[in-house]
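> Spelled out from the first residue to the last, the chains are:
Number of protein chains: 2
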Amino acid sequence: MSYKWVYLFEELDAAEKKVGPGSWDRVKGLLGGKGANLAEMTRIGVPVPPGFTVTTEACNEYQKAGEKFPEGMWDQELAAMKQVESKTGKKFGDPNNPLLVSCRSGAKFSMPGMMDTVLNIGLNEDTVQGMIKLTGDERFVYDSYRRLVQMFGSVVLGIPDEPFEDELDEHKKKKGVPSDTDLTAEDWKHLVGVFKKIVKEHKGFDFPQDPYEQLRLATEAVFKSWNGKRAVDYRNAAGIPHDLGTAVNIQTMVFGNMGWDSGTGVNFTRNPANGERLLYGDYLLNAQGEDVVAGIRNTKKIAELQNDLPDAFAQFVDICKKLELHYKEMQDVEFTIERRRLWMLQTRDGKRTAKAAVKIAVDMANEGLISRKDAVMRVKPADVDTLLHPGFDPDAKKAAAKEGRLLAKGVNASPGAAVGVAAFDADIAEEWGKAGKAVIMVRPFTKPDDVHGMLAAKGILTSEGGATSHAAVVARQFGVPCIVGASDVKIDLRARQFNAHGVIVKEGDWLSIDGQTGEAFAGQIPTVHPKFEEQTDLITLLCWADEFRRLQVWANADYPDDAERARSFGAQGIGLCRTEHMFFEEERLPIVQRMILAKDEKERDLALDELLPFQRSDFEGIFKAMDGLPVIIRLIDPPLHEFLPNEHDLLEKVIEKRIKGVKEGLPEDESLLRAIQAMHESNPMMGLRGVRLSIVMPGIVKMQVRAIFEAACNMAQQGVTVKPEVMIPLTGHVNELKVIQPALEEVAKQVMSEKNRSIEYKFGTMIEIPRAAVTADEIAKLAQFFSFGTNDLTQMTFGYSRDDAEARFLLEYVEKGILPKNPFQTIDREGVGELMKMAVQKGRQARPDLEVGICGEHGGDPASIEFCHLINQNYVSCSPFRVPVARLAAAQAAIKNA
Amino acid sequence: MSYKWVYLFEELDAAEKKVGPGSWDRVKGLLGGKGANLAEMTRIGVPVPPGFTVTTEACNEYQKAGEKFPEGMWDQELAAMKQVESKTGKKFGDPNNPLLVSCRSGAKFSMPGMMDTVLNIGLNEDTVQGMIKLTGDERFVYDSYRRLVQMFGSVVLGIPDEPFEDELDEHKKKKGVPSDTDLTAEDWKHLVGVFKKIVKEHKGFDFPQDPYEQLRLATEAVFKSWNGKRAVDYRNAAGIPHDLGTAVNIQTMVFGNMGWDSGTGVNFTRNPANGERLLYGDYLLNAQGEDVVAGIRNTKKIAELQNDLPDAFAQFVDICKKLELHYKEMQDVEFTIERRRLWMLQTRDGKRTAKAAVKIAVDMANEGLISRKDAVMRVKPADVDTLLHPGFDPDAKKAAAKEGRLLAKGVNASPGAAVGVAAFDADIAEEWGKAGKAVIMVRPFTKPDDVHGMLAAKGILTSEGGATSHAAVVARQFGVPCIVGASDVKIDLRARQFNAHGVIVKEGDWLSIDGQTGEAFAGQIPTVHPKFEEQTDLITLLCWADEFRRLQVWANADYPDDAERARSFGAQGIGLCRTEHMFFEEERLPIVQRMILAKDEKERDLALDELLPFQRSDFEGIFKAMDGLPVIIRLIDPPLHEFLPNEHDLLEKVIEKRIKGVKEGLPEDESLLRAIQAMHESNPMMGLRGVRLSIVMPGIVKMQVRAIFEAACNMAQQGVTVKPEVMIPLTGHVNELKVIQPALEEVAKQVMSEKNRSIEYKFGTMIEIPRAAVTADEIAKLAQFFSFGTNDLTQMTFGYSRDDAEARFLLEYVEKGILPKNPFQTIDREGVGELMKMAVQKGRQARPDLEVGICGEHGGDPASIEFCHLINQNYVSCSPFRVPVARLAAAQAAIKNA
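Top line first, the protein sequences correspond to chains A and B. Numbering-wise (the working numbering), the first sequence opens with residue 165 and increments by one. Numbering-wise (the working numbering), the second sequence opens with residue 165 and increments by one.
There's no promise every hint is true.
When chains are identical, the list treats them as one kind, so a pair holds in a single copy or across two.
To be verified - Taking lysine to aspartate or glutamate pairs in the EDC-like style, the calculated list, with each CA pair at most 16 Å apart, reads: (1) Lys-338 x Glu-302; (2) Lys-254 x Glu-924; (3) Lys-353 x Asp-301; (4) Lys-902 x Glu-979; (5) Lys-887 x Glu-751; (6) Lys-902 x Glu-976; (7) Lys-913 x Asp-290; (8) Lys-866 x Glu-567; (9) Lys-670 x Glu-329; (10) Lys-601 x Asp-725; (11) Lys-926 x Asp-764; (12) Lys-492 x Asp-513.
Keep in mind that the hints were calculated from the coordinates and are not lab data.
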């Protein structure tokens, strides 16, 4: 027997047998998500129109063979059609009792709207007559036929949509009617003819009358759509591999447009925006599915179905419960009611907002549907991040409203606050976004073609569509704030502006949109961070998470405020306090500059003496905030020229003064310029900074260590438990520590003896230079702790200057797949990670109780946190706002790798 | 019994027993080089004045204990003195028959003049009288006594030399005599009194009269001098560890200044300048040793001793032969003749010029004194380098002489040609040298205090002293060209100028000195490279070396000329041909700039088409020169902005034009400036260059590969055997190769098919990014060869930008011992080397026949070459002039690690 390419929905057992036992994931890999779920629903007795699935393997074979069906596939499709015929009692192509089918894509991971669908396959001049006889509804049949011709024309034959839409608009105008539903059977019949002519004109051949030819071409079109630009872009953005292929689902057509006792809709079993345990969806009576999803007609809320079709609604509610119980997940379903009979066309795990994800996970665990561990695994760390994203300052919002800047209120489709300039198409949005502008993309509605612009935008605003429209679904998935259906926004695409109650917003004007409330404002509104302590579901989830994780979560905080916030988010220590940030403050910078430009040691020491009290009081605040917890303070790291004016600007100024003969201030400017030029480095990132600077100019770090220990002693005096850990940056050779560390410990001891106090402390180092990782055993002989500076470590290991790389080639590298991910966002495990692993192993060889952490940006990245777990670090340290994210990610890492 | 700190010269057996069998090196470690050799000479029957050695261990203990003699040491010294007394029949401090001794330092490695010596210890008011009775020479005795007071005063008590010298000069002036030898006993007696007063004035106590007090203080002074600034500087320069300590040699005084039948001298058993097998030395009659070495009196050539003192000379010749036979090395000896009796005071392996080193090694092997392997091990690779250093262009020299620019002819003390500006003291020489100026240091003579300036100078010129004077010895050791005793040069230190036959040369004026011939010229004379093929001894030695080495030696060559030269030096391939150097040539640069600034692909392709023929013809020349040998051509590496004008300069120009309202050329300048600014990178070393550039802009490398293969095919057509290897720079991730390598191989195949030829070729990559080393197994799946770019690899592994680091902290790091060596000169084995080892191992795992080499500067550094040998590389590649060095170093590495 030939290889099995086609599975009836009833053949789930066979599919499971093929992929091996207990692997729903591999079943989805074979049949696609949609196909697998149709089969699953069939198995558990949910009413599903009969049909079958052509496997993803067939798609991959098709691509591999240069777009040829694999051997036996078509025969199996034909055989499956016979089975469907026998189940429905209809016959494909039979003018008397014709079977009509849909042909839909369905990949392992949902890619909504990205690939192709053809409905009503099987209609032709003959079967149309049979259908009219059967349904007695000529209007419906011709409407269906014209849909087939149009969809087949555009999807399968590649004819643009416009000629079809133009003819339809033209005809409506001629008839003087506003809506499709106002057209008669005669009208649709006429349009079928017109549409068929369009096909002939564009392709040179007639619309195929043979139903099997229709089916064959539609199957192929779905296969091909896997490699369409839209689909490829989407997969790149969503991180879906390109070699999975799509399955093709062929399913008996049911019709929601067979009159006002028919309908179609999409629904979530819980609210995907906030997680409430209530059905959440839209439907349309007398309509076909695409009408709802496209968001072109304004839909009704699912609850209204109870009034329109109470029996169908009751059955629908039961099925939703059954599905949730079965899948133990919130479901996103599509259904059609054909003359009061309910059919389920699809079920899948529902996409949801971050807020909903947390609430649903916590609720389901509390309902006993899933375990707490499951709940912890259910929520993406990125969702936690989203929940802590800033929203608009309520007062500023009120003020803006008073000023008349509230433009419109639409559907709150994807939460979050976004501020950006209006861009009226996806290309502009992408261009501006890549150039670093914050952009709000404004469209009547979005289509799959627009995804590149939507991803580049900070926010999306549409005037049409509902909560399940394309724009809403995509925005939610990628966490882009989004408002849809803001019908007060009257968009004029040609003039590239919109009018909202008389306020004109042009392309490039500032907009602020609140995805939480659905409000769109003119101008910019300042944002504030949400209150963590009010997010009770999240707090519950994170407390559950804490029970599972092994990694501690610390925070990077430079100021007492930060430290307090970090602690309230659950930080168990400060992993990085950057002392130099304190230098940049307004009243301190002049002293710092005086210190740098000092003519002699004495002048320098005077300036350092002035800086000491500032540093000490900062440290006191942090120690107090972190009472009882460790605080790692990093000694000065950046090159000194960062504290001086920009060389370029000063040069321009000096040249100008010289040429214009301005004498005033010139000598000072010139001498400052000379000082700055003397400090110029061709690659400052790899120049005189970090421990190198401390060795060449030890006064600064001695002052810092003095400030740390004075602060520690003072706080200890007040009863605070202080645990200072002094961190030396940029170590590359153990001898650097041998030179500087004893000198600094000397200062520490001196201060403690002056203050007559003994404080427990540690000295340690950043590991951010490849050589430090390679020679970690040597370095650990002196350093009591390591903290990975993965930004610099990534820069040096790759030989990338981050700024230059991201501006010039790094994004191209990620797009082309040369780098699977941006290594500055997620640790490159093979390269940088290998060095980190080496550092931990060698370091612990020399010092078994070595404390190892990470304080680079990666410390807040879930995939990187997992790696830190795997190489046995003690903690990760990240920005305060990412502490909750890290707590969850650390728990998931522990559970996943138990 | 207490620990043994003191060894009589007769106790060599005991010393050997202590350090373990067969280790002359460890004996020298214990007794110092001088002490060990005095003991050895005593053992083989050479006449050595009786004495003993206080060990280096005692010195180290002394330092460790905070400058206290270790327990038992002083008692052992006293006991040894008793032994010496019994051997000489004299008694220390006995007014009737006084024993006088010298006290000299002697470390494991010779540090000529760097540490302290005190002569005539034992003289005081009483013993002076006994000595006068014994010798009947009052003048000699008071001269000796004043020498003791002066030397003791300055060396032991730390009084400056000047007051002593001033009084001596004053007295000579008063007496109206020019020379010390004109002074009478009375004069010296008077001066002893004056000198003693100086001691009293400076120190507040009298010159010690107790001989044992003199001995104790002298011993301590020698110990202390180990950590004197001069000694530390010297060790830093010579790479001698600081923890060895010095021994102290106490030896019966013999006197070369006991009349005209006495004398003293220093001598090499062969000519240390050119290696000739002839005694080479100087002596003075009626003088003490320091007079000869200091170069203050003009010495006589050793051959003249045959006339002055024929018996002593004959004995001396025999002893020299005996020593060479014994040590199997050319010896550097010191001797004294006291009333016709010959005493040997020191022997050690003689320092020599590079030329002499090679000749002596080859001669000794040919004489059967040593093996060929020994000969190969005897010559330092640096010596080979020196031999290939440029000398002056003979025609230019002749012309300069005709123009009257030949200033003087002195003793050719250290070979090599040097051009620099005159600096009249060591501090100026150092200051200017560090600032990057080429400096010739000009002094009447040099002292150990001057070493820092001598090391910073390109050449040294003294008006006094002979071939064994301080200046000559130090210059030879560090390979600095040097002329001594150029008595026509009349130096006026106060006016900071010299006068040579009326030509005035001021500080800062240009000088050219030829250390080979001893000629000094005014102005600058161009240099040329010496002819390798005429250096027959070197060629012989290198041929012997080739028999021992495993590593191949390739060369870095960008032009056909270079390649030919490299081949003549013995290169077995081209390891690095930098294609971008070709871009900088005058006629090409404008095309390159046009290519870079091209508005579109078409314009760029046009410029590339113009460049192609240039590149092709370069490659043709190289392939031809390397007929039959592999040629690795590296594709473009630097960032494109390197080919454009300097941003800074252009900015100044534009600002100036703008302010002055100059319109002409402004738009062009501004648009060029914009283009350059758009390319600006904050850390260009880690930006868009190497393979990254090739991926973003593949046109350039495709052109280059086309040029390579067109050249290869054309040459093959002419019968040349071409072995092109295309090298991709800066790879950090295997995916970079996956993208670019197939595209380039495609071009190669296309060209070969056009030319209808099949050429064997390889594609490979530089390993210069840490990540490439870490993931070498992945990279070797595509790359057929690796070539370590150790400059960049060192930069990234250390996180050092070489330019910035060397200007700002690297030298300080080396001085402070934070880095044992400059890692850009010698591979850092622990860090960078560890990554290299990993790369070789992982690379060969994936591809067992992987060809591995190095093309960084380190490829010509002997210590680095040894490391390349140890990690099993196939070859090293270095600049053509270093190929002979590398051949020798590779042989030594193989022999050493056999």
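> For each hint, tell me whether it holds in the structure or not.
To see whether the hints hold, each was checked on the structure:
| no. | hint | result |
| --- | --- | --- |
| 1 | Lys-338 x Glu-302 | neither (21 Å within a copy, 142 Å between copies) |
| 2 | Lys-254 x Glu-924 | neither (84 Å within a copy, 67 Å between copies) |
| 3 | Lys-353 x Asp-301 | within (12 Å within a copy, 144 Å between copies) |
| 4 | Lys-902 x Glu-979 | between (45 Å within a copy, 15 Å between copies) |
| 5 | Lys-887 x Glu-751 | neither (29 Å within a copy, 67 Å between copies) |
| 6 | Lys-902 x Glu-976 | between (43 Å within a copy, 15 Å between copies) |
| 7 | Lys-913 x Asp-290 | neither (98 Å within a copy, 57 Å between copies) |
| 8 | Lys-866 x Glu-567 | neither (54 Å within a copy, 61 Å between copies) |
| 9 | Lys-670 x Glu-329 | neither (27 Å within a copy, 93 Å between copies) |
| 10 | Lys-601 x Asp-725 | neither (30 Å within a copy, 54 Å between copies) |
| 11 | Lys-926 x Asp-764 | neither (32 Å within a copy, 59 Å between copies) |
| 12 | Lys-492 x Asp-513 | within (9 Å within a copy, 88 Å between copies) |
Checked against the numbered hints listed earlier, the structure breaks hints 1, 2, 5, 7, 8, 9, 10, 11; every other hint is satisfied.
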